[in-house]
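**Student:** Chain order of the listed sequences is G and V.
Read left to right, the first sequence gives residues 1 to 391 (the numbering used here).
Read left to right, the second sequence gives residues 392 to 782 (the numbering used here).
Check the hints yourself; a few may be wrong.
Stated by the list, open to error - Once the Cα atoms are required to be at most 27 Å apart in a straight line, the calculated BS3-like pairs of lysine-lysine come out as:
{"hint": "1", "chain 1": "V", "residue 1": "Lys-415", "chain 2": "G", "residue 2": "Lys-187"}
{"hint": "2", "chain 1": "G", "residue 1": "Lys-24", "chain 2": "V", "residue 2": "Lys-578"}
{"hint": "3", "chain 1": "G", "residue 1": "Lys-204", "chain 2": "V", "residue 2": "Lys-664"}
{"hint": "4", "chain 1": "V", "residue 1": "Lys-664", "chain 2": "G", "residue 2": "Lys-123"}
{"hint": "5", "chain 1": "G", "residue 1": "Lys-123", "chain 2": "V", "residue 2": "Lys-415"}
By construction, these hints were calculated from the structure, which means they are not laboratory data.
2 protein chains.
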Amino acid sequence: MISVLEAQEFVLKNAEKLPVITLKLEDSLGYYLATDCVSPLSLPSFRQSAMDGYAFTHTNETRLKVTGQIQAGDLSTPHLKPGEAVRIFTGAPVPDTADTVVIQEHTTREGDTLIIEKLPLPKANVRPIGEQLTAGTQVLDRGHQINEASIGFMAGLGLTEVKVYAKPKVCIITTGNELQERGTPLKPNHIYESNGIMLQNALKRLGILNIQLLNAEDTLDATSKAVHEALENSDVLIVSGGISVGDFDFVQQAFQDNGIEEHFYKVNQKPGKPLWFGIKDDKSVFGLPGNPASSLTCFYAYVLPHLRSRMGSINPLLNKRSAILSETITNIHGKTLFLKAGVNGNTITPFTGQASSMLNTYALSNALLLIPEDTEQLNAGDAVTYLDLNS
Amino acid sequence: MISVLEAQEFVLKNAEKLPVITLKLEDSLGYYLATDCVSPLSLPSFRQSAMDGYAFTHTNETRLKVTGQIQAGDLSTPHLKPGEAVRIFTGAPVPDTADTVVIQEHTTREGDTLIIEKLPLPKANVRPIGEQLTAGTQVLDRGHQINEASIGFMAGLGLTEVKVYAKPKVCIITTGNELQERGTPLKPNHIYESNGIMLQNALKRLGILNIQLLNAEDTLDATSKAVHEALENSDVLIVSGGISVGDFDFVQQAFQDNGIEEHFYKVNQKPGKPLWFGIKDDKSVFGLPGNPASSLTCFYAYVLPHLRSRMGSINPLLNKRSAILSETITNIHGKTLFLKAGVNGNTITPFTGQASSMLNTYALSNALLLIPEDTEQLNAGDAVTYLDLNS
């Protein structure tokens, strides 16, 4: 049995990057850059007024003659002589013959005469060419996750396309004869299937939309066939349930029969001990425990970072943060514990109801409190580490 | 001029909830519940084995006769007599005539005889009916934002639909004659339009996809017409640029001409002072400054919480968190400052390049450092407050 850290190392080391694709900038939100981004422009690309006011060549003369105006977007600018000023607006080009803009609130007008009441410093309110950046500068690194600000930024550089890593096609196979589809009254001794739709939506939150959902009967033949079909059609396969060693758990055998190489089985953690991970060519395969909360914890700790890494992230794990524990926790298991918890301000409170079958508390959690395997007790008031579920 | 807190109060007080709609559970990720969710079921709904092993009635007898097996999903269970046990698997129904499950690792078999090597406590490894929750319990509150865990949880309750608040239709109008579409070489004194696509993607990240993008020429007539069209077709109107008092800023006049009631204009903040907010009937209208970084800061501080509130969130503001400042910051403005910053571990570092025209640093920011208007200096090592841009 390997440790949580070892298992995370395995899934990150075996995360081959997906192919590089070219997307329109407007469709690239959430993707990771596959190349460094170099600016084709200087910003600003012309000398620009930062305010509404008057452009002039700096002088101690406080009465100037207004000879015209320049609006943002004007293609040319007037030539100013000494003693002249020109009305100018934010974003408009500053004439070569001016070096300073006085803001309108610091002036008055008498007809064509401008009276400067508060003289600005030379060069005030003029944005020089390249103030923000010069052409040829590397502005974003490979691995940057594209957000609304970087989209706006790249748009301002005139970029229309970006090279990013593709997102994976994922197949989810649910197993278990006790599972029933929603929409009909629950049969005796059955439960409504929930892991498929849960994992599908966890993927959706990562921007992964190409998802196939299969259900396999609890027979070796059905399980093997489903695994075979999934390997044909997807980059990543997630099987939920059937991974322990009960007589009716056919998943491991089905993995073997399909030629998937086991990288590890079982992690020293609670919940989610019977986690399986393997590789076949460029396909990655996860066998998750069937209990919903175990399944989701394994998703956050292993599947999510693996997927992000394949999508090009250089920082794929959920963020570790620190908070103050509200109550005493013991760890009698010698395992790493992941406890569903709520962080409020600087305080973290683990929920009552940690059993691996219980999703009600997960629905309310924004954190997983992390108790290391060699920590037997944490006390109220201790600074503890948690995984930020929104990171 | 009002304060940041007053402005936030205004936009949250004037955030009428959008209509309640019914969605399929699988399409509800990210929406906010419009009703409390009450469980129609007890979970588990039958006595369930938590492990693979053997079910029996607790006894000190360590040799029992195995009379059959129960698999998860079996519709009926055998009747056990004293001295008998039955093979059972995780999730399978425990017979009424048994009260305990011994895990298989604590047993050996000799033909039909089970030898219990480590006797569990009575009732061990049996999940009683209603252990997680009983039918009729309120399990999720109105205002809960639906995540993958709550989708899985509600699926497990057999729910097929949820009542949520609709998401708004939003129209973005960009203004400014200096703006040029991407795809052609930059004309003199022009800049590539970036605010429209930036705000569109900021909305996308909130799950708002019904977005109309308009560009208005810098004339009162064109601006008024665009505002009119936007009010016809959207719940929320965002105008970017043209909101200061320069001669070519027609947006305020266009708002007035379209009968939009001004709630406030100008906030004591940097960047983003000339922020405008108004209401017409059930439509909300924001006039954002045209500088890209100002525009995005106003989006995060006001537009985003307003939208979340209209979508039903009870906690709509970006999370405030605490970190240690890496360098000394002065605030000579008497205004609230929002500084683009990077949080790494417990340390926050404001970026060089805070000018309101600069998006390059925003692309790298995961936080906005908040400096209150009455704070003149913060020192390296101080605990400071920031807005988490991923919250």
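**Student:** Name the hints, by number, that the structure is in violation of.
**Tutor:** 3 and 5
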